[in-house]
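Participant: The listed protein sequences derive, respectively, from chains E and F.
For the first sequence, counting from 1, position 167 maps to 167 in this note's numbering; every step adds exactly one.
For the second sequence, counting from 1, position 259 maps to 259 in this note's numbering; every step adds exactly one.
No false leads were slipped in.
The list makes no distinction among identical chains, and a pair is therefore deemed to hold if it is satisfied within one copy or across any two copies.
With a straight-line cut-off of 30 Å between C-alpha atoms, the simulated DSSO-like cross-links for lysine-lysine are:
hint, residue 1, residue 2
1, Lys44, Lys345
2, Lys346, Lys308
3, Lys277, Lys345
4, Lys89, Lys104
What the hints contain is simulated information worked out from the structure, not anything from laboratory work.
Being a predicted model, the structure only gives us computed values, none of them experimental.
2 protein chains.
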Amino acid sequence: MGRVYNFSAGPAVLPEEVLNEAAQEMLDYNGSGMSVMEMSHRSKPFQEIIDTAEADLRDLMGIPDDYAVLFLQGGASQQFAMIPMNLMKNGTADYIITGQFAKKAYSEAKKYGKINVAASSEDKNFSYIPDCTALPVSDAADTIYGTKYKELPDTKGKPLVADVSSCFLSEPMNVSKYGLIYGGVQKNVGPAGMAIVIIREDLIREDVYPGTPTMLKYKTHVDAKSLYNTPPAYSIYICGKVFKWLKRQGGLEAMKERNEAKAKILYDYLDQSRLFKSDVNPKDRSMMNVTFVTGSADLDAKFVKEAKEAGLESLKGHRSVGGMRASIYNAMPIDGVKALVAFMKKFEEENL
Amino acid sequence: MGRVYNFSAGPAVLPEEVLNEAAQEMLDYNGSGMSVMEMSHRSKPFQEIIDTAEADLRDLMGIPDDYAVLFLQGGASQQFAMIPMNLMKNGTADYIITGQFAKKAYSEAKKYGKINVAASSEDKNFSYIPDCTALPVSDAADTIYGTKYKELPDTKGKPLVADVSSCFLSEPMNVSKYGLIYGGVQKNVGPAGMAIVIIREDLIREDVYPGTPTMLKYKTHVDAKSLYNTPPAYSIYICGKVFKWLKRQGGLEAMKERNEAKAKILYDYLDQSRLFKSDVNPKDRSMMNVTFVTGSADLDAKFVKEAKEAGLESLKGHRSVGGMRASIYNAMPIDGVKALVAFMKKFEEENL
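Model the full assembly from the supplied sequences, consistent with the hints where possible.
Facilitator: Structural data, given as structure tokens:
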């Protein structure tokens with residue numbers, strides 16, 4: 001079989017150009033006579049790889065100089081503990097709970113202090129983004145935590161923390177509005193096994209929660225520039241290639257246009273379909289993860305199976321939601337979305 | 001340049017066969033139409049990859065059924081915290097300090113309880129393995145911690161914990177003698193960004209150190225079979241290929257013979273050289289990491305530089321020790337060791 005269109009929510013599709021380069025360099029990176037997988041993390045060629053990756057990411061996102069960029073292991077799940085362990089000076093934080101992962105982050109944070117739910121959309125299975133214009137921010141709160149927002153909440157001067165795993169590098173964002181931004185890279189950026197953390201320098205502290213492991217202190221990694229111990233070197237290398245690819249595409253403004261165009265094709269079809277429908281509040285729809293259902297679990301299963309046979313992979317929805325989910329990240333070409341809609345139309349005709 | 005002989009201590013040389021396979025499968029793993037980097041960790045093909053990797057590792061090492069095998073992020077450095085957080089029921093452990101990393105592990109463990117130094121070779125810059133035949137084991141000790149041993153210490157019935165990063169899969173070991181074995185994979189097994197942990201089931205506990213992050217509880221990962229969150233999928237895939245390669249080489253008995261033969265070539269030369277000498281106690285010499293010096297820092301630097309020009313890479317010793325270090329892990333072919341010795345002979349003639 002040739003390459004499929006892979007709608008997996010993560011690990012997810014990567015640009016073919018990046019994979020081709022990685023394959024070509026597998027036995028000899030840039031004349032070094034070895035694979036990046038075999039290269040000492042203290043070597044000059046690797047230092048150049050990690051420095052270039054950081055510089056390109058700073059350039060793409062316009063990261064201000066007073067923010068540190070970290071390449072860390074443990075994925076977003078480890079951040080659920082690192083954030084409260086490192087950031088809660090007064091032992092208090094407010095959380096905005098907009099999905100399963102925000103809920104996990106909230107549960108983990110409760111180990112380390114007094115956590116308030118400032119807003120939640122769990123009442124409707126996270127199908128909308130709660131109104132955050134007049135958030136009941138706790139006076140004592142060290143941070144306000146949430147996942148992607150359409151409109152940034154008014155945090156009344158408290159540092160805002162955001163999990164951007166699902167929308168990382170899919171559009172420009174104003175980094176200076178946040179205290180800390182993090183995301184697992186396995187959705188929109190690179191291979192699983194790494195999180196990127198962007199943290200404002202005044203939030204990097206020595207006096208963290210008692211008993212915080214050295215590896216879970218941001219300061220450890222900031223001081224060592226992500227080389228405190230052997231880093232996830234191959235992931236950094238692939239992410240670096242993706243950053244270069246994004247720059248060749250025209251940067252994040254261009255990606256936003258492309259991503260909006262892709263999402264529009266799918267939502268326009270969904271809005272007029274007599275078989276498929278989207279359960280998400282239209283104004284809160286994600287550009288990256290498009291969920292839809294037929295209304296029948298049997299028909300949903302049939303759709304996923306037949307789509308797979310047609311080379312449209314990993315369309316099954318998350319266990320907690322059911323139905324279908326098409327993740328159409330940066331690396332999903334517009335032709336993949338068109339192929340999906342064409343297949344949905346055919347399926348609709350055959351099964352209505 | 002073609003492939004060099006890479007003597008890096010880690011990340012380190014991998015079998016060329018493994019890299020060739022990985023390159024070939026980069027855009028389409030086994031007819032899936034996608035790279036392993038792009039594959040959902042909840043998909044059937046990935047489940048097969050991780051299951052096969054675990055089964056092959058169990059087979060290679062003869063891991064008993066009452067031990068769990070975990071593929072975790074964070075490297076050995078994260079284990080320095082996880083071990084005391086999870087294993088110290090009584091808050092006490094004895095440590096055997098035989099190197100820089102054992103010392104780091106000891107410093108980290110002190111955060112979580114009363115840690116005794118049962119033995120140490122720091123007095124002579126870790127150039128020998130302390131006598132562990134009559135170890136002063138604390139009555140209250142939960143575990144005895146150390147790195148690689150030639151003779152296992154008598155732990156008086158306490159669980160023995162060992163960091164085997166440097167000798168992982170280089171020879172057979174009797175897993176049942178240990179409570180927990182762990183190692184970063186980036187030396188002898190696969191790409192950086194993963195540790196393998198082999199833990200006896202009775203040591204997996206719910207009532208860990210207060211405030212232990214969910215991601216740092218062994219139970220989290222045992223219950224989820226290393227799939228609690230997105231795992232370092234590509235590392236698992238490459239390690240799985242290395243396990244298959246090791247089986248094709250004849251398993252760990254055969255690797256031990258090969259590794260002994262390789263080390264002998266180098267030590268035999270060192271023992272008669274008039275320029276180079278080894279500082280390590282002969283009975284405690286490592287089969288994997290061969291350190292040597294000329295006695296002159298300038299000449300050491302000249303050697304490292306000229307060796308590099310001759311395609312013999314990463315021979316510079318660790319910052320804390322100086323001199324030279326040739327790591328000759330499983331994937332270093334015997335021809336690489338012969339080439340190194342030939343170069344050393346030539347250098348000796350030219351510089352004596």
